[in-house]
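K.L.:
Sequence:
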Amino acid sequence: MNLEEYFVRTGYKGSLEKQDLETLTDIFQHHIRAVPFENLSIHCGEKITLELEHVYNKIVQRKRGGWCMENNQLLGWVLKCLGYDTSFLGAYVFNPHQNAYATIMTHLLVKVVIDGKAYIVDGGFGVSYQMWQPMELVSGKDQPQAPGIFRFTEKNAIWYLEKMRRKQYIPNQNFSNSDLLEKEECRKVYMFSLEPRTVEDFCFQCTYLQTSPDSLFTKKSICTLQTTDGFRALIGWTLTETTYNYKENMDLVEFVTLEDEEVEKTLKEKFNITLDRKLVPINVKGFYTI
Numbered sequence: 001m002n003l004e005e006y007f008v009r010t011g012y013k014g015s016l017e018k019q020d021l022e023t024l025t026d027i028f029q030h031h032i033r034a035v036p037f038e039n040l041s042i043h044c045g046e047k048i049t050l051e052l053e054h055v056y057n058k059i060v061q062r063k064r065g066g067w068c069m070e071n072n073q074l075l076g077w078v079l080k081c082l083g084y085d086t087s088f089l090g091a092y093v094f095n096p097h098q099n100a101y102a103t104i105m106t107h108l109l110v111k112v113v114i115d116g117k118a119y120i121v122d123g124g125f126g127v128s129y130q131m132w133q134p135m136e137l138v139s140g141k142d143q144p145q146a147p148g149i150f151r152f153t154e155k156n157a158i159w160y161l162e163k164m165r166r167k168q169y170i171p172n173q174n175f176s177n178s179d180l181l182e183k184e185e186c187r188k189v190y191m192f193s194l195e196p197r198t199v200e201d202f203c204f205q206c207t208y209l210q211t212s213p214d215s216l217f218t219k220k221s222i223c224t225l226q227t228t229d230g231f232r233a234l235i236g237w238t239l240t241e242t243t244y245n246y247k248e249n250m251d252l253v254e255f256v257t258l259e260d261e262e263v264e265k266t267l268k269e270k271f272n273i274t275l276d277r278k279l280v281p282i283n284v285k286g287f288y289t290i
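Under full-length UniProt numbering, think of the first position of the sequence shown as 1, with each following residue one higher.
Keep in mind that a hint or two might mislead.
Said to hold, decoys possible - Dumping the calculated DSS-like pairs for lysine-lysine here, alpha-carbon to alpha-carbon at most 25 angstroms:
1) LYS265 to LYS285
2) LYS219 to LYS278
3) LYS285 to LYS270
4) LYS247 to LYS278
5) LYS117 to LYS63
6) LYS63 to LYS188
7) LYS285 to LYS183
8) LYS167 to LYS155
9) LYS247 to LYS265
10) LYS247 to LYS268
11) LYS183 to LYS47
12) LYS117 to LYS58
13) LYS278 to LYS58
14) LYS278 to LYS167
15) LYS219 to LYS155
Claimed, not checked - Label pairs and their calculated CB-CB ranges:
16) THR103 to GLU264: 13 to 23 angstroms
17) GLU154 to ASP276: 38 to 48 angstroms
18) LYS13 to PRO171: 34 to 44 angstroms
19) PRO96 to ILE149: 16 to 26 angstroms
20) ILE114 to LYS13: 16 to 26 angstroms
Everything labelled a hint here was simulated from the structure, so no lab data went into it. All residues carry an ideal CB built from backbone N, CA and C; glycine is no exception.
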C-alpha cells in the first residue's frame, strides 16, 4: 500500500500538500484517465474481491481497472491518506430499459468535504456518465463538464444525479440504432442518500453482480477509459471512441466491430490492459447504453 506507487500508476506529479478542490480534481482526473472501469475478471475466470489489498494489487501493481467498488474504494483510500475528509455513500443505479432505479444498492461513491462544502467524487461509472470533476453537492444547480451537464436534485433526503448530453454524430450509420447509443438527451444516472456506508455494505452486491444471470456485468464484457477529449469503450467485440464537443454542441461517436483475435491487442493498445487469463467476450443485446 504505497501512495508513490499509486501516483506512478496514474501519472500524477502535482502537489500532495494541499487538500483543496484544485488538487482533488487533478488527482481525480489522472485516475479516470489511467484506470479503466472494467469487469473483465468475470469473463476470464477471475473472482472480484473487495479487500483493499487485493484491489491495490490489481489496479496499481497489475495495472488493471475495476468497477465502482474497486475504483472508488482505492480512490477513497488515497484521498484519506492525503488528509481529505472522506466517506463512502451507496447509490441505486437507474435502469433505462425498466425506467426504474435498481432495488439493490450496487454503486459505491466517495463524498469529500473541503472547507465545509461537500463534493461527490465518483471514479467508477465509466462511459459517458463518468464525471470529470468532483461535483458540488447542491440541489438544482447545473454543473457543466466536458462530458455534458450534470445536475443533482434532492427530494425528501434522497439525492438524484442526471446528465444532459449533446447531439451525436455517428459516421458509421450501421450503428445509428445500436442499443449501445444513449437515446435520451437527459438521462437519470443514480439516486443515493447521505448515510455513510462501509465497503462491507457491498459484499453481497459484489458477489451478486458477478454471478447472477440478471446482472448487466455477466451479460457484457466491459472496459472503458476516459481520454483527454472523450472516452473509449470495448463492450463485447464493439469498440466505441467518443470525442466530446467534436463540433459545436455535438459529440463524435465512432464504432468498430472487432474480430476475436483483435480483442486482446485492442485492450493493450487502447486501455493498457494485459490479462493473465483468456477473455471470453460477451455482449447480450438490450442491456447497456453509453
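K.L.:
What are the numbers of the hints that this structure violates, sorted from low to high?
P.N.:
4, 5, 6, 8, 9, 10, 11, 12, 14, 15, 16
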